[in-house]
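A.B. asks: Residues per chain are reported as follows:
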Amino acid sequence: MPRYRLLVNGRRHDVETEEDTSLLWVLRESLGLTGPKYGCGVGVCGACTSHVDGEAHRPCVVTAAESEGRHVTTIEGLSPRGQHAVQRAWRELDVAQCGYCQPGQIMAAAALLAREPDPDDDAIAAALRDNVCRCGTYPRILAAVRHAAGLLREAR
Amino acid sequence: MISRRTFLHGAGAGALVIAIPVPALAATGELAPTVLVRVDRHGRITATAPRPDIGQGVRTVVALLVAEELAVGADDVRVEQAPGDTDRFGSQAVANSTSTRQLHEPLRRAAAAARCLLVTAAALRWRVPAGECTAVDGEVCHPRRGRLPYRALVADAAAIDPADVPVTLTPPHQWRLLGRTTSGRVDTADIVAGRARYGLDTRPPGALVAVVARPPWLGAKPDTVDDRATRALPGVLDVFPLTSPGEGQGGIAVLARTTHQALRGRDALRVTWRAGTPAADSRQWLADLEAALPAQGRPSGPQRTYRLPLLAHAPMEPMNATADVRPNAAIVWAPTQDPGSLRTALAQQLALPPASIRVEATLAGGAFGRRIEPDAVLEAVACSTRAGAPVSVLWTRDDDTRHDSYRPMSVHRLTAVTDDSGLPVRRSHEVVTWPLTVVPPFADPAVIRASGDHFPYSVPGDVTITVQPAPLRTGFWRAVYAGQFGYAEECFLSELGTRAGLDQVQLRRRLLPADSRLRRVLDHAAARAHWSRHPAPGTGRGVACHLDYGSAIAVVAVADAASRRVLRVHVAVDVGVALHPSGVRAQVEGCVLDAVSTVLGAQVTVRSGSVVESSFSDYTWARIDQTPDIDVTVVSSGADIGGLGELAYPPAAAAIASALAAATGTDVTGMPFGSDVG
Numbered sequence: 044m045p046r047y048r049l050l051v052n053g054r055r056h057d058v059e060t061e062e063d064t065s066l067l068w069v070l071r072e073s074l075g076l077t078g079p080k081y082g083c084g085v086g087v088c089g090a091c092t093s094h095v096d097g098e099a100h101r102p103c104v105v106t107a108a109e110s111e112g113r114h115v116t117t118i119e120g121l122s123p124r125g126q127h128a129v130q131r132a133w134r135e136l137d138v139a140q141c142g143y144c145q146p147g148q149i150m151a152a153a154a155l156l157a158r159e160p161d162p163d164d165d166a167i168a169a170a171l172r173d174n175v176c177r178c179g180t181y182p183r184i185l186a187a188v189r190h191a192a193g194l195l196r197e198a199r
Numbered sequence: 279m280i281s282r283r284t285f286l287h288g289a290g291a292g293a294l295v296i297a298i299p300v301p302a303l304a305a306t307g308e309l310a311p312t313v314l315v316r317v318d319r320h321g322r323i324t325a326t327a328p329r330p331d332i333g334q335g336v337r338t339v340v341a342l343l344v345a346e347e348l349a350v351g352a353d354d355v356r357v358e359q360a361p362g363d364t365d366r367f368g369s370q371a372v373a374n375s376t377s378t379r380q381l382h383e384p385l386r387r388a389a390a391a392a393r394c395l396l397v398t399a400a401a402l403r404w405r406v407p408a409g410e411c412t413a414v415d416g417e418v419c420h421p422r423r424g425r426l427p428y429r430a431l432v433a434d435a436a437a438i439d440p441a442d443v444p445v446t447l448t449p450p451h452q453w454r455l456l457g458r459t460t461s462g463r464v465d466t467a468d469i470v471a472g473r474a475r476y477g478l479d480t481r482p483p484g485a486l487v488a489v490v491a492r493p494p495w496l497g498a499k500p501d502t503v504d505d506r507a508t509r510a511l512p513g514v515l516d517v518f519p520l521t522s523p524g525e526g527q528g529g530i531a532v533l534a535r536t537t538h539q540a541l542r543g544r545d546a547l548r549v550t551w552r553a554g555t556p557a558a559d560s561r562q563w564l565a566d567l568e569a570a571l572p573a574q575g576r577p578s579g580p581q582r583t584y585r586l587p588l589l590a591h592a593p594m595e596p597m598n599a600t601a602d603v604r605p606n607a608a609i610v611w612a613p614t615q616d617p618g619s620l621r622t623a624l625a626q627q628l629a630l631p632p633a634s635i636r637v638e639a640t641l642a643g644g645a646f647g648r649r650i651e652p653d654a655v656l657e658a659v660a661c662s663t664r665a666g667a668p669v670s671v672l673w674t675r676d677d678d679t680r681h682d683s684y685r686p687m688s689v690h691r692l693t694a695v696t697d698d699s700g701l702p703v704r705r706s707h708e709v710v711t712w713p714l715t716v717v718p719p720f721a722d723p724a725v726i727r728a729s730g731d732h733f734p735y736s737v738p739g740d741v742t743i744t745v746q747p748a749p750l751r752t753g754f755w756r757a758v759y760a761g762q763f764g765y766a767e768e769c770f771l772s773e774l775g776t777r778a779g780l781d782q783v784q785l786r787r788r789l790l791p792a793d794s795r796l797r798r799v800l801d802h803a804a805a806r807a808h809w810s811r812h813p814a815p816g817t818g819r820g821v822a823c824h825l826d827y828g829s830a831i832a833v834v835a836v837a838d839a840a841s842r843r844v845l846r847v848h849v850a851v852d853v854g855v856a857l858h859p860s861g862v863r864a865q866v867e868g869c870v871l872d873a874v875s876t877v878l879g880a881q882v883t884v885r886s887g888s889v890v891e892s893s894f895s896d897y898t899w900a901r902i903d904q905t906p907d908i909d910v911t912v913v914s915s916g917a918d919i920g921g922l923g924e925l926a927y928p929p930a931a932a933a934i935a936s937a938l939a940a941a942t943g944t945d946v947t948g949m950p951f952g953s954d955v956g
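Sequence order for the protein chains is C and R.
So for the first sequence, my numbering puts the first residue at 44; every next one is plus one.
So for the second sequence, my numbering puts the first residue at 279; every next one is plus one.
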């Protein structure tokens, strides 16, 4: 099997896997990073959303081969102790219900705020509309993204 | 010198005293009044959640109840998830919105018993009356003797005969945590850091992965299997037929070292299938249900027939389970709604005593009724038995959507006799539907009626239920039959109001007893929605009420005609006493989004024997840009604690559909609103 050199959460990993293995299964099964969740495997639910070179991507529809030479960040690598403004906002507004989609929601929101520090509700909805939450936490997600934007403003 | 017994019974006079039988204390030097609470010799407090957390937040309620009674912060209580064991924990089923209703009292009492024993131990050491001592922040305090941390008292407290210690519950007006809005979910820190462990995150050392090639049409059975290409793939270890106890389930399992290898192995299988119902079509099913409506004479008043579709559960975490079956023992890890019953079922399947079987309930990435069923676990057990190794069975999203136990289709014909003002004075509700095939008692019309018919208004009438054989697997779906019955009843009441030009809120108030809990929440919701003002141009409003699980709820929805969007939903809910208000709001918000989703388009259809929908791309659950503003008022009536997890779905769906009807001038004829059904 081919080997791939991946840079995940700031660490280099040598991974041996089939060339068509999705990055999601490499993260979860080869590297033990189970924060990105399997929800659909076809890029429509967003539960695995992670960052590739700082932008939100879906590891379930990206192969390990395509990820070589990129900086991959999973929810585990977003901040050292869960202190990213988006994670804080999620805690403070008690967003999660079952919590399964939330790593993906948080990574999508963090990518949005990195490129657009003060998004309005339409911009938030546009950035997150393909991240499904089956529990219905959307009203709190909207509020938490606004709150996180405020926390980031205070920090600047 | 007074005797210890007299002394102890003098303590706490005037407070709420409950003498409870307390089982033997742990012999380990821990203080463990019941299996639900223990304080170890270091003063660390552990609470046991007997029922799994599927997103409803029961682990948080467990922590809050125990922290409140033990006078510590919620963060000071570690919540341990109980394994399946009905002998120790009683029913462990997350079903019928019972978790908080049935657990709050035993948990409070267990924690209060621990506190009273700790207080007594301190009082004995200080030789002061226990009534002069208080528990504060993990210590027992006395105005002159100072304070002692719990850890210094555990051994003494564990040695006291609990029969000597009356248990006093903390009265609600002294609650610091319960009923406060500030407490968040206990698992939040893990969830936001990606550390929370669900079923799919469980992979014991050496575990293999299995996926199953499932029937391509309903009821199909494997005929021929050519697995040569599959077996030639790297990592594939075995291919074998899997008979699942679920009707129409099972298939050909592919066992591999990794998920990717198992999935590729399944792709490479060549299977031909036979039997089943390759021509089945959900439009025909609906027509068959409608044809089974009882013959009727000329309707005596307004009448409407509602047609409701199949719905899938579609939890974010697809069905899965992990099992490690050994010759004389087995462990399973599963996102399950009922670890206790699961253990019993496994003991039967494996012919082992229950004591040899351990069922670990992981966090569940949603459930909505689906995870009552043991099918994925039984598959994992069968695979592990064959493999002689731990095996995780994964259902792909496609498997999960297309092989669910769906909410049944139903047809509802409602007829009313009205008085001169248009107010209903008599009602008739004729239902034709299917049973819940995975829960045999739910083939009985009386059981279906008990689940579905909670008509709260003072209008006498008849409910007639005709049960037709189900053409596919059907099961519990949030609110069960109330989601269908309640929807039809409230949509029809709204139509009667519209026909007669009656105010929808006043119409309902007149049909509800004065001073009833339901009328109070209706008034709250109407006030929050500024009901007495005219709706904005281009918008329409709907209202609905529901009384179930010992709770009362009213919903007002506002919809926009042009965009067909739900703009706002105002909810007032009375669960008696709201222990965790943020959790109460969360469950209501979740039900409202279920209502938005199902009224605005999510349905399951069957063509040529197969479920058409396969993922969230075509099972069109609501997205963030469809979320209304949701305003939840928690009304505390002080009644006995009621259930909540399913309560808001039926009235939210009816209010939203009625709002769309009012906005667009189109009658509600079923679900989804304005779409073909089936």
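Incorrect hints may appear among the rest.
What the hints assert, rightly or not - If you want the footprint, here are the derived chain C segments under chain R, 3+ residues with CB under 8 Å:
no. : region
1   : 44-52
2   : 58-68
3   : 81-95
4   : 104-111
5   : 151-158
6   : 166-178
Stated by the list, open to error - The following residues of chain R were derived to be distant from chain C, with all beta-carbon distances above 12 Å:
no. : residue
7   : ARG322
8   : ARG473
9   : ALA642
10  : ARG664
11  : GLY868
12  : SER888
13  : THR942
Note that these hints are calculated values from the structure, not bench results.
Source: prediction; values computed, not measured.
Just so you know, even glycine gets a beta-carbon here, dropped at the ideal spot from N, CA and C.
A.B. asks: Flag every earlier hint the structure violates by its number, smallest first.
C.D. replies: 1, 4, 5, 8, 9 and 11
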